[in-house]
Amino acid sequence: MSAVVDNHGHAAGHDDHHGYQGGVMRWIMTTNHKDIGTLYLWFSFIMFMAGGGMAMAIRLELFEPGIQFFNPDLFNQFTTMHGLIMVFGAIMPAFVGFANWQIPMMIGAPDMAFARMNNWSFWILPFAASLLIISFFVPGGAPGVGWTMYAPLTVQMGVGMDLTIFAVHLLGMSSIMGSINIITTILNMRAPGMTLMRMPLFVWTWLITAYLLVAAMPVLAGAVTMTLTDRHFGTTFFNAAGGGDPVLYQHIFWFFGHPEVYIIALPAFGVISQVIPAFSRKPLFGYASMVYATSAIAILSFIVWAHHMYTVGMPVSAQLFFMYATTIIAVPTGVKVFNWVATMWKGSLTFETPMLFAIGFLFLFTLGGFTGLVLSLVPVDVQLQDTYYVVAHFHYVMVAGALFSAFAGVYFWLPKWTGRMYDETLGKWHFWLTMIFFNMIFFVQHFLGLAGMPRRIPDYPLMFETWNKISSIGAFGMGLSQVFFLYIVLKAIRTGEKAPEKVWEGADSLEWTHLPTPVPYHTWETPPVLK
Amino acid sequence: MSRNVKTALLLLTIALTTFFGIIAKYWMLNR
Chain W
1068 MSAVVDNHGH AAGHDDHHGY QGGVMRWIMT TNHKDIGTLY LWFSFIMFMA
1118 GGGMAMAIRL ELFEPGIQFF NPDLFNQFTT MHGLIMVFGA IMPAFVGFAN
1168 WQIPMMIGAP DMAFARMNNW SFWILPFAAS LLIISFFVPG GAPGVGWTMY
1218 APLTVQMGVG MDLTIFAVHL LGMSSIMGSI NIITTILNMR APGMTLMRMP
1268 LFVWTWLITA YLLVAAMPVL AGAVTMTLTD RHFGTTFFNA AGGGDPVLYQ
1318 HIFWFFGHPE VYIIALPAFG VISQVIPAFS RKPLFGYASM VYATSAIAIL
1368 SFIVWAHHMY TVGMPVSAQL FFMYATTIIA VPTGVKVFNW VATMWKGSLT
1418 FETPMLFAIG FLFLFTLGGF TGLVLSLVPV DVQLQDTYYV VAHFHYVMVA
1468 GALFSAFAGV YFWLPKWTGR MYDETLGKWH FWLTMIFFNM IFFVQHFLGL
1518 AGMPRRIPDY PLMFETWNKI SSIGAFGMGL SQVFFLYIVL KAIRTGEKAP
1568 EKVWEGADSL EWTHLPTPVP YHTWETPPVL K
Chain D
-1 MSRNVKTALL LLTIALTTFF GIIAKYWMLN R
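Residue numbers (the working numbering), protein chains in the order written: chain W, 1068 to 1598; chain D, -1 to 29.
Chain D with its partners taken away, still in its complex shape (with noise of 0.2 Å):
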């Protein structure tokens, strides 16, 4: 795997993660 794809890959999984957790914190916190 190159440089740049892990680079990429990184980034995009702190995107996801943002995106996600946000949406599942608040889910939670409302139940």
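Just chain W, same shape as in the assembly (with noise of 0.2 Å):
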């Protein structure tokens, strides 16, 4: 963005003594996109530490053959919400919050276009995850069908499913509202000379995947719904009894799951894309070939979903055409790792926090799309599939995909919203210590799944002792780490160092280039004008 020419310099401070109320009341009340980013950053990790504690526990079990702590509904109860809670309390979230911190500022706009929706998009979550937590309370205790829902297993459930499905409308509307916004806010309220062709690759992310969730989220209300109508009002829609067919279910749920993917990959891709020019300090590379790759790559979520149920029972055509249809993906997700391969390439790189974990991100991100392609071999995934080796392929992508880029996001953007530096020691160490354990989780689980370990169960054979005694171990350090996370992030807002005024000299998008450290309360009420 150096075509910037004018920022009508009220950008800066003036403005920051009005806008808000005080105390609990501004955050209950704001529709500031940045105090609402920071709602839906800190709601977020809150929901990543209480699906983290189930995971912990799912660990705990799984850390020894036979039965140790927990009856094995309860234990399907937590594989449930911990998917459940992370999907959609901690992941999407987390990037929404990026979108309402970062979108406004770096297309010039001075907020999101629908500011009091925004504010009620996000008061909607909180509502939406007491449900969830509430369920395990209930008479039979949380849904355990697994975070996918399936049919007919849904219509047995108890009241807690019930609990579950409205959490996941009030999700759904949340997104949809989201969505709604960020779409409306980029088409329309771009600075002059801000072209679609010219904003940074995160917006061009976050544009392409508000549309995915405005197409697939209404799916799955829809399935949901229908799963309500039946456990409750006498239709048949998933029941061969009364003439309904339970996989219909399915293929209702993956044609939004698949899309739902790459509704949390993208923005993360997007985040990548900010982090990896800043710090090789070159532009990206192919840019446009990045706005392709990525509106291909949404494209095709939309005709591969059969690939998650190829055992269920379909013509051979269809699963020749589904594994086809998903190998192809690995083209333009190609050119994207290519693409920020050869941004580094002959760069001038440094490596701090923000730069290892997108590096850690390009590897183990490319390594679950690897087992992603193992997968989608029809031959293949009819012994792999419901393995462990399942388990460890979408960890790859949404542990060590999204979670790594939120980090990258966080320690690239923290100084810039604090004013305030993170200690750069603990966060390299916090980035080793997530490589490190991470790495004991999940890797160890592909031999796992090549040996046979069906995922979803609470006990298993000895054979399979040593390593899930590693994976667990793993999980326990991974946990703790996080904690330091958080130690980092306080330790920066309260006594971190103050940040200089270009934190990051690569960094080149508006909020860098045209903004002072911190950021004011409002930015861009004046848009400026770009050449």
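Hints should not be assumed to be uniformly reliable.
[As the list claims (entries may be wrong)] Cut-off 20 Å, straight-line C-alpha distance, at most; resulting in silico cross-link-like pairs (EDC-like, lysine to aspartate or glutamate):
1. LYS4(D) / ASP1178(W)
2. LYS23(D) / ASP1312(W)
3. LYS1558(W) / ASP1490(W)
[What the hints assert, rightly or not] Some chain D residues near chain W, calculated using beta-carbon distances under 8 Å:
4. ASN2
5. THR5
6. ILE12
Everything labelled a hint here was simulated from the structure, so no lab data went into it. Quantities reported herein were computed from a predicted structural model and do not represent experimental measurements. Note that beta-carbon positions come from the ideal geometry of N, C-alpha and C, so glycine has one too.
Two chains, each in its own frame: build the complex with the hints.
What follows is the structure in structure tokens.
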């Protein structure tokens, strides 16, 4: 964004004395995109801890063969709620938090298009999360159906299932409102001269993600609504006895579910596309091809859903179609990985914490992508479906992909947001601890899966004990490392050194080049003019 | 009606049509 010629000087400090109430009411009533971004990020961290606590419980039970701490029903409830909370409560809100903070600043807009709706989008979330947590304490407990909520098991669950369905409805409403806000902001509120093809890639990835959300979330809402009517209103959408079809649920769910993978991954790609050029001190290689590759991934994500269900029974021709369509996704994804590496090529590299997490992302996400290719092959998937190989695969995508990217984003932008630096030494410790413990947990799970250990079981044969012990020790280390992350962030906010005006010399989007550090409460009341 | 509201209403229409459409489709197929 070096072509920006004028910011009218209105961004700086003079206007940050008004605009919000003090105390708790500030956070409840706020319509400021930065406040709401902060709320999203803290909420996602709390949910990350809650979902992480359940992961600890799962790994505690799996530390040794036999039933140690939890009965199988409670174990299933933990796996279900771990998945739902991490996907809908932790990862998605984290990137919406980044979107709220960054998109208006990056495109030269004063705020989101619908500021009050933005407040509402956020404040729905704590109620939805409460419903998920409360479901543990109602008769029958939380649903133990897995995060996919497959029929017909969902019809047999207790009242906890109804709370979960309502929570999913609320989470979906929040996501759709957030997406409408993001699309409208990006399409209509860019500063003069900020053409679509000059937007930072983070903004592009969120524009495409928001379209995915508008198209995919209503499908999930429809699926759980049909589940609800099957449970209480006498319909038989998914009940074979009444002429329905349980497999239909799987098709509808995964028609949402696979785009959901990219709803999580694309904003993560966006963060990485900001971080790598900044620490390579080079513009992003192949900007236009990045935009087209992101769009291609989004479109392809709608025609691959049945690769999640090769073994439920489908014609060979359908298996072939979904196999080839899935493998084709490797092409635009490969374009992106190539471009990130090419950006670093002959760059003036430095390895501060955000860059370490970005490079960690690059290695591990690519590994997760490769195991995805392995699983896309029908004959292989028939052997590996529902084993720990699948668990390892999607955690390489979700944790090493999305979570590493979120950490990169927090370390990258925290100095800009707060005006204070985090402790670089502690940040690097956080990276290496996370990197080592993450691989301890999940790399060995590939071996468990290849050896045939099924997922979603609280007990296992003795032959799997060693790898499970290593995995569990890694999980406890990973959990503690994230408490350490909380300490690093709090230390930075409270006593961190004052951040310099230009924190990262290679960062070149509008918030770095034309806004002071820390950014004032209101920015771009007069839009910048770009030539 | 502002441009922002028009954009939002268009997107909301897509979302609601998908939601009700998918339920209506399978409800009619199941009758």
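Right, here's what the structure says about each hint:
Distance hint between LYS4(D) and ASP1178(W) is fulfilled; the C-alpha atoms sit about 18 Å from each other, no more than 20 Å. With a C-alpha separation of about 14 Å, the suggested pairing of LYS23(D) with ASP1312(W) holds against the 20 Å cut-off. The suggested pairing of LYS1558(W) with ASP1490(W) holds, with an alpha-carbon distance near 8 Å, which does not exceed 20 Å. Against a cut-off of 8 Å between C-beta atoms, the interface hint on ASN2(D) holds, since the closest Cβ of chain W lies about 5 Å away.
Against a cut-off of 8 Å between C-beta atoms, the interface hint on THR5(D) holds, since the closest Cβ of chain W lies about 5 Å away. The beta carbon of ILE12(D) comes within 6 Å of a beta carbon in chain W, closer than 8 Å, and the hint placing it at the interface holds.
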